[in-house]
Amino acid sequence: MGNELKVPTMAELFAAGQQPEVLFWVGCAGSFDDRAKKITKAFVKILNKAGVSFAVLGTEESCTGDPAKRAGNEFLFQMQAVTNIEVMNGYGIKKVVTACPHCFNTLKNEYPGLGGNYDVMHHTQFLTKLVEEGKITLEGGSYKGKRITYHDPCYLGRANNVYEAPRDLIRKLDAELVEMKSCKQRGLCCGAGGAQMFKEPEKGDKDVNVERTEQALEKKPEIIATACPFCNTMMTDGVKSKEKETSIAVVDIAELIATAENL
Amino acid sequence: MDYIPNIVFALLLTAGIGFFIRNIKKLSRNIKLGKDVDVSDNKSVRWKNMAKIALGQTKMVVRPIPGILHIIVYLGFIIINIEVLEIIIDGVFGTHRIFAPLGRGYNFLIGSFEILALLVIVAIAMFWLRRNIIKIKRFLKPEMEGWPKKDGNMILYIELVLMFLFLTMNGADYQLQQLHAEHYTVAGAFPVSQFIAQFFDGMAVSTLILIERTCWWLHIIGILCFLNYLYYSKHLHILLAFPNTYYGNLKPKGQFRNLEAVTKEVKLMMDPSVDPFAAAAEDAPIPEKFGASDVMDLSWVQLLNAYTCTECGRCTSECPANQTGKMLSPRKIMMDTRDRLEEVGKNIDSNKGTFVTDGKQLLDSYITKEELWACTSCNACVEACPVSIDPLSIIMDMRQYLVMEQSAAPSDLNNMMGNIENNGAPWPFNQMDRLNWKTES
Ligand code: SF4
Ligand code: SF4
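Residue numbers (the working numbering), protein chains in the order written: chain A, 1 to 263; chain B, 1 to 441.
Just chain B, with the same shape it has in the complex (with noise of 0.2 Å):
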């Protein structure tokens, strides 16, 4: 009968992990829906560019404020892990703070545990005042409503109570210890729940352990929802960021890729020995479609981008039509690609593995064009997000598909295109009057 605890906790640890296991597979089998591109290159630098931004968390830093109590939860989240090691270890196993013999160390660590738990806890509340109470411009916009909002609160409780639990656990343990409660080692430090276990004085040392193993399943039952809610959440940046930023663009952000099937079609109109009249060869592959209007026209690290997206809306906040009031905001284009990918996938497991046309697509179903022709190209929110995405190349990818696989940009474009292929400047003038401001006075 001893065992019965062991095996309830090796069980809830194989279904919380297999069940994320699941997700993890869905997550990427949608991402390679995206067409390929080669990202192999400058594997150093990559590597660099993670280190800093991701893990040095660089970008943050640029609003002090929310970068600062960031940094506070992901240390948190990052240290207080080991703590989880521990606990895994324990359940399975059936001991008890097995790490407790490092002695010092193990103080040390239990400390600092605590101590950045109550960080994490102010940190919460500030972040909880900061999109509730007062009302951040950026967490209010049209594309926050509903679920986003929801499930930016929902990370934050759900962090809290991980974080009460833990502390309320360790103040029960403190207690234990100082009753010399059998199997209740005395290690540890505690900094902060010494002041919890004031509430316990008095208590039988049964109800202390009531409170002292509830807190521990629920803190370890809790972690395992909130691995498994990653997938369904923006939380799910705290493990694509790593990917993300290492497959950031290390390019010029004003470079644009060259389309390679449009400079074979340009090659073969200026090569004079082409005729342009001859029919097209029989076995002449079909023309690719360019540019994109659904999520499947995109390259995965662009799809990596959208379920990457944290939803904070730096991007947004920097954009120079946002904050016009157009109706372009580069983290709905994030969110809506996400959406539809999440869409496709559901309508691919659905439909045995192969994907049914469903009259949607990322172009007018989420995006809309009046979204994509207000973009300036200015690159403030690829400059702004924290995590490397670049909301621009898909704005641009999807302008590529309007104008040339749809002939579909504003009149006023159509007439400047018109004046670049007739008189090579995008205004009417006759390319031979290219020099007369040398004559004018």
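Just chain A, same shape as in the assembly (with noise of 0.2 Å):
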């Protein structure tokens, strides 16, 4: 198997006169984090697979500027904001998906108010599109029968109402889908949302990732899945403080997907 990821640049692309159909946004955690590169990868190997025409933006991209936002810095979000529009609009993008549901949420929603119209879309969303085409064919294979409990993430779920495409993904790999105590509408933050996964947290009796990982927990699931990097962080940590990492592996939807089909 050619193990060679296949990932243009936007640049690249553009210098031999081609336009892709989408772009794929990275996103800081997805360039940066050592767990969520092998999200990304893993995406980038399903992308391949399926033969999606794509680009990303390499260093040309730079934070959406959420963060920001939600600690209150909206003059550097707006900075980070017009300043990526500036670089995307120069490429004509516009399609864009994404593994992250911050750079999701803020792309899709806070973007088009300053010049940034695309149609974006999460990669859940996106993967779920390439089973309906029939890019990819999921066998469940590796994950029949595996009790496999998914983790809402706040800026996909509550914020953008994306509950279903992660889940019907998760059901087309004949898994045992689990739902926690607290899901969907209602789903317990993991704790690292609105800037918290960059500062200590404040007083209390205990960790929110803790708490949503007891939840995961009363549920007996072999497997924790998340949709999102900072989740995926979070739940990891949660799941290590309660010394069961290693029974419970915490797995982003696009890795379930890249495994089962033995990329």
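Certain hints may be false.
[Stated by the list, open to error] With a straight-line cut-off of 30 Å between C-alpha atoms, the simulated DSS-like cross-links for lysine-lysine are:
# : chain 1 : residue 1 : chain 2 : residue 2
1 : B       : Lys251    : A       : Lys129
2 : A       : Lys181    : B       : Lys251
3 : A       : Lys244    : A       : Lys199
4 : B       : Lys135    : A       : Lys203
5 : A       : Lys244    : A       : Lys219
6 : A       : Lys199    : B       : Lys369
7 : B       : Lys26     : B       : Lys48
8 : B       : Lys25     : B       : Lys150
[Unchecked claim] Which residues of chain A face chain B? A partial, calculated answer using Cβ under 7 Å:
#  : residue
9  : Leu5
10 : Val7
11 : Cys28
12 : Ser31
13 : Lys37
14 : Thr59
15 : Glu61
16 : Ala71
17 : Glu74
18 : Val82
19 : Cys154
20 : Arg158
21 : Cys189
22 : Glu202
23 : Val208
24 : Glu211
Hints were generated in silico from the structure; no laboratory data involved. For each residue, glycine too, the CB sits at the ideal point set by N, CA and C.
Both chains come to you apart, so use the hints to assemble them.
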């Protein structure tokens, strides 16, 4: 198998006079965080296998400004947004897919008001579409009958009402999807949103990710499925704090699919 | 002399309603202290939301037990108001049971009011138990100590008394009807109060009339008092839930407003034709204050939110920060906003219509930084609120003030923001390394 990832950049394609169908917005976590990079690669493998025409911005990509905005720094957010929009509009980008719900939310909802109008999809929506179009066929195989619980990212679920795309994918893997006490509209946050990822939590009697992990553990899953790099970090840490990391894996939906496809 | 009761009634009614209008005026003046926002869009969706959420109580039944109990009390409240209409007409014109000629329909109405009244009593008893004996967690948070707790119980007592007065009045009336007392035409069905009537067996007509009249008067006085109690109570929601759900946010919950004032400045900064070192024009407007530190910096919809809050605590019990013992409680954010707004309103009243600085503000005097920084912006509170209140928007506006006006973010966040500014990522990595993952194994 050719393990070489095909990851064209917008600049390369532009130089060759080509325009990809969709921009893959990698995001800061997907670019720099060791765990999240694996998710990025898994998603690229699927894109490659499905023959999707895509490109990344590479070094021309910059933070969407989401954490700055949620921290209250509207100024920095808009600086980031305007810069990114200039780059994306320069390339005539129409469609964007991203594996990060925070990037997804910001690009989809907050960029239009600043001049950036794109058709933005979360990777779970994009993958569902690939399955519908027959570009990838999911055969459970390795996940058949496995107990998987899915953690709703706030910025995908409540913020944007995407609850079913990720669940459909898990079901298509023939896995046994079990729901936590708080799920979908009432899903409990992992504790990372609103710029919490980048600071110490306030004084309290527990960390949010531990509370959420306890809810997951109640369901005795083999896998906790996530759809956000930050949730992934929080849940991984939560599982570690319960010393369960050998028996329970925290895996992004893109990784589930890539593994099921033997990619 | 026969007209004295009518006159007394008319005076009471005018006083009750007059006082109520005064309160409503004050309420609306206070709400208008907020900044203007345009909510004139999507009228049909807004009406639908109001019909569904306020009238249809769709969000209440997410928690089935209190949801169903609440629907009973709510239906009782609305439907028994038809009876109040009759009471008012009777009171003003000295008639008795003016709607009685409706015949069977009237019997059905009175009969169903009675059954509802009984159900309301049962529901109130359950609510009281939940608040005082079962001690449901969300009613015991620190912000509920003192007045809010009393207020919650007070409402229950008032409602209970009103229902008992209504049923006792009907029981006496029923007894009088059977004794063919003058004036007491046979009308109505009394599925519940006929049992109360049994206690009146053997009483003289004059005593019965005294009981019936006393209950009638106390009932209507009680209702007028209740009407005027609203303004001081979380019970304002029975009126404000309607406009509040109408003006509720229609955009995706994750979409936070982009500040226009900032957009202007950013556009200027990015425009290469503008000389950054040029002196500011003399007539340049004073820059707007970014974010919110007091109630006047919030929008009027946010202030309407504060008055609408029912203090039910559904938001707080879903809040991840609160669940893990942090100080943040979205309900407290709303209660603080209302308390401060009331304080500002009183200040304006006692200073001839202008606000005189009182050395206090919403930030710090009511809501602490520690609360604001504990929020994960998860929207659980917004989703949970049965009357479309958005506590998160207030938290975010206050964070904006802290960061953009005071540079008072926690140092970790300052580092994060410094990184974004310098390297385009919240961590100290070089933007030139953004694609390294491609070749790393
Ligand atoms: S958005 Fe903030 S206040 Fe609301 S529930 Fe989430 S953490 Fe709590
Ligand atoms: S904000 Fe809404 S959910 Fe929270 S206490 Fe008030 S009414 Fe209840």
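A quick look at each hint next to the structure:
Note on B/Lys251 and A/Lys129: the hinted pairing holds, with a Cα-Cα distance of about 25 Å set against a maximum of 30 Å. Our distance criterion of 30 Å between C-alpha atoms is met by A/Lys181 and B/Lys251, whose separation comes to about 27 Å. For a cut-off of 30 Å, the pair hint linking A/Lys244 to A/Lys199 stands: about 25 Å separates their Cα positions. Between the alpha carbons of B/Lys135 and A/Lys203 the distance comes to roughly 25 Å, so the proposed pair stays at or under 30 Å and holds.
In summary, the hint linking A/Lys244 to A/Lys219 is supported, as the alpha carbons are separated by about 13 Å, within the 30 Å threshold. For the hint pairing A/Lys199 with B/Lys369, the CA-to-CA distance comes to about 14 Å; that is within 30 Å, so the pair holds. For the hint linking B/Lys26 to B/Lys48, the alpha-carbon distance of about 29 Å falls within 30 Å, and the restraint holds. For a cut-off of 30 Å, the pair hint linking B/Lys25 to B/Lys150 stands: about 26 Å separates their Cα positions.
Using the Cβ-Cβ criterion of 7 Å, the hint placing A/Leu5 at the interface with chain B is satisfied: the shortest such distance is roughly 6 Å. This hint holds: A/Val7 has a C-beta 5 Å from the nearest C-beta of chain B, less than the 7 Å allowed. Given the 7 Å rule on beta carbons, the hint for A/Cys28 holds: about 4 Å separates it from the nearest Cβ of chain B. Taking 7 Å as the C-beta cut-off, the interface hint given for A/Ser31 holds, the closest approach to chain B being about 5 Å.
Checking A/Lys37 against chain B: minimum C-beta separation of about 4 Å stays under 7 Å; hint holds. Nearest Cβ of chain B to the Cβ of A/Thr59: about 5 Å, under the 7 Å cut. The hint holds. Satisfaction of the interface hint for A/Glu61 is found here, the shortest Cβ-Cβ separation to chain B being roughly 6 Å, below the 7 Å cut-off. About 5 Å separates the beta-carbon of A/Ala71 from the nearest beta-carbon of chain B, less than 7 Å, and the hint is met.
Interface hint status for A/Glu74: upheld, as the beta-carbon distance to the closest one in chain B is roughly 5 Å, under 7 Å. For the restraint placing A/Val82 at the interface with chain B, the shortest Cβ-Cβ distance is roughly 6 Å, inside the 7 Å limit, so the hint holds. At a threshold of 7 Å, the smallest CB-CB gap from A/Cys154 to chain B is about 4 Å, leaving the interface hint in force. Nearest Cβ of chain B to the Cβ of A/Arg158: about 4 Å, under the 7 Å cut. The hint holds.
A least Cβ separation of about 4 Å between A/Cys189 and chain B falls short of the 7 Å threshold, and the interface hint therefore holds. Annotation: interface hint on A/Glu202 holds; nearest CB of chain B at approximately 4 Å, less than 7 Å. Given the 7 Å rule on beta carbons, the hint for A/Val208 holds: about 5 Å separates it from the nearest Cβ of chain B. With a cut of 7 Å, the hint placing A/Glu211 at the interface with chain B holds, because the nearest CB-to-CB distance is about 5 Å.
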